[in-house]
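**Q** Residue numbers (the numbering used here), protein chains in the order written: chain A, 1 to 175; chain B, 176 to 397.
It is worth saying that the hints were derived from the structure and are not from the lab.
Hints may be right or wrong, so weigh each one.
Cβ-Cβ distance ranges computed for the label pairs, FRET-style [said to hold, decoys possible]:
1. B:K342 - A:N62: 44 to 50 Å
2. A:S141 - B:E397: 53 to 59 Å
3. A:K108 - B:G360: 44 to 50 Å
4. A:K106 - B:K248: 32 to 38 Å
5. A:H34 - B:Q343: 56 to 62 Å
6. B:E397 - A:K142: 44 to 50 Å
7. B:E386 - A:L130: 37 to 43 Å
8. A:K37 - B:S348: 55 to 61 Å
9. A:N62 - B:P243: 43 to 49 Å
Computed footprint of chain B on chain A, listed as stretches where at least three residues anywhere in the stretch have a Cβ under 8 Å from a Cβ of chain B [said to hold, decoys possible]:
10. 8-14
11. 85-97
12. 158-164
Built from N, CA and C at the ideal position, the CB exists for glycine as well.
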Amino acid sequence: MTNILIIDTTSNPLHKIEFVNPIRDIVGKCKVAHYTKVTLKKLHEATHIIISGSALGETDYNLERFNWLKNTNRKVLGICSGIQIISLINQNKLKKFSSIGMTKIKTKKKNPLFEGNFEAYSLHNYGIDLPKNFEAIAKSSKEIQAIKHKTKPIYGVLFHPEVRNKKIIKNFISI
Amino acid sequence: MKLGVLLSGGKDSLYAAYLARESGFELTCLITLVSKNPNSFMFHTPAIEKTIKQSEALNLPLILQKTPGKKEKELKDLEIAIKKAIKDYGIEGVVTGAIESVYQSSRIQKICKKLRIKCFNPLWQKDQKEYLKELVRNRFNVIITAVGAYPLDDSWLGKKIDKNFIKQISFLSEKYKIHVAGEGGEFETFVLHCPLFSHALKIKDTQKFGEKNSWRMEVEVE
Numbered sequence: 001m002t003n004i005l006i007i008d009t010t011s012n013p014l015h016k017i018e019f020v021n022p023i024r025d026i027v028g029k030c031k032v033a034h035y036t037k038v039t040l041k042k043l044h045e046a047t048h049i050i051i052s053g054s055a056l057g058e059t060d061y062n063l064e065r066f067n068w069l070k071n072t073n074r075k076v077l078g079i080c081s082g083i084q085i086i087s088l089i090n091q092n093k094l095k096k097f098s099s100i101g102m103t104k105i106k107t108k109k110k111n112p113l114f115e116g117n118f119e120a121y122s123l124h125n126y127g128i129d130l131p132k133n134f135e136a137i138a139k140s141s142k143e144i145q146a147i148k149h150k151t152k153p154i155y156g157v158l159f160h161p162e163v164r165n166k167k168i169i170k171n172f173i174s175i
Numbered sequence: 176m177k178l179g180v181l182l183s184g185g186k187d188s189l190y191a192a193y194l195a196r197e198s199g200f201e202l203t204c205l206i207t208l209v210s211k212n213p214n215s216f217m218f219h220t221p222a223i224e225k226t227i228k229q230s231e232a233l234n235l236p237l238i239l240q241k242t243p244g245k246k247e248k249e250l251k252d253l254e255i256a257i258k259k260a261i262k263d264y265g266i267e268g269v270v271t272g273a274i275e276s277v278y279q280s281s282r283i284q285k286i287c288k289k290l291r292i293k294c295f296n297p298l299w300q301k302d303q304k305e306y307l308k309e310l311v312r313n314r315f316n317v318i319i320t321a322v323g324a325y326p327l328d329d330s331w332l333g334k335k336i337d338k339n340f341i342k343q344i345s346f347l348s349e350k351y352k353i354h355v356a357g358e359g360g361e362f363e364t365f366v367l368h369c370p371l372f373s374h375a376l377k378i379k380d381t382q383k384f385g386e387k388n389s390w391r392m393e394v395e396v397e
């Protein structure tokens, strides 16, 4: 049975409507919790965990709240802020790279989320370097766009699949 | 946080403003771009100067910025208007009614980033049919002021968005693939009353212009 938990990384209720509700509308039945209120119980109950994106300029996360990512065996998809958090929790630094609008993306490794070349909506001020134990599964001309942990079902995408690539989120919850 | 509302006079900008207020934000001014180009890439054009009457009903100051409405020049004019709102009213962010348009949304995001203010799009990716139902539930009195897609014609001008409208437009959406909320320019709207207004606007006079499936209705309100 699939139990989906969406972790809200936004800093106010208006941005929650903008960045979390569209994901909720795609996945259907799920639980939503702000990252500061995620409990071990909620993490244990979930089979699939989606870490939402947030507004531009909101990168001041309390990373201690994401320590669970180091040992989880759950399926995880980090979107935008979510991939940044996955990267930071794996001792990686973010790099200043702003992108707003549609971006051309190429799949670099076969994976269950997407394939081929496609365009996706970007809204970020920071990109990532490849964290240790992860592989890049998609790139644009200038950035790593998606990563996967080498041995665990942990994925991250820098773009926002809830905008033009809803299928990616549907594929994730079907893993 | 003080927000400026990017106001077109239509349902999207005012419903977004309503959601912002309901979320505890302070609405401090309105910003309206008056485009001379009826086919503006960025800005809703029918009935736009009637936002003056809406600003009175909202009890909020209005920045009315004229623009020739040429593709990228209108973005410069929007930036000028937002800068004025920052200077005169101390806004720390803007709220927009963007639903699906990446073109519109990403350009406003870029201006906000440049001016170091927040950008809020509370209708972003919202299910359009559900959105229309919410408008009705929240007592928004919205009329159609322009149509621009087959099979919509002048008989739709002045129609109110209500349960019957949602039923009709949903039927046409399935048959002709038009957006239920008019996001693709299929129709434009004007808000006569909503919970943000101190009083309802009344229609004094209307004039219709157009042909076939491209019509607009000029509305005089009081």
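**Q** Quick check: which numbered hints come out false for this structure?
**A** Of the numbered hints, 3, 5, 6, 7, 8 and 11 do not hold.
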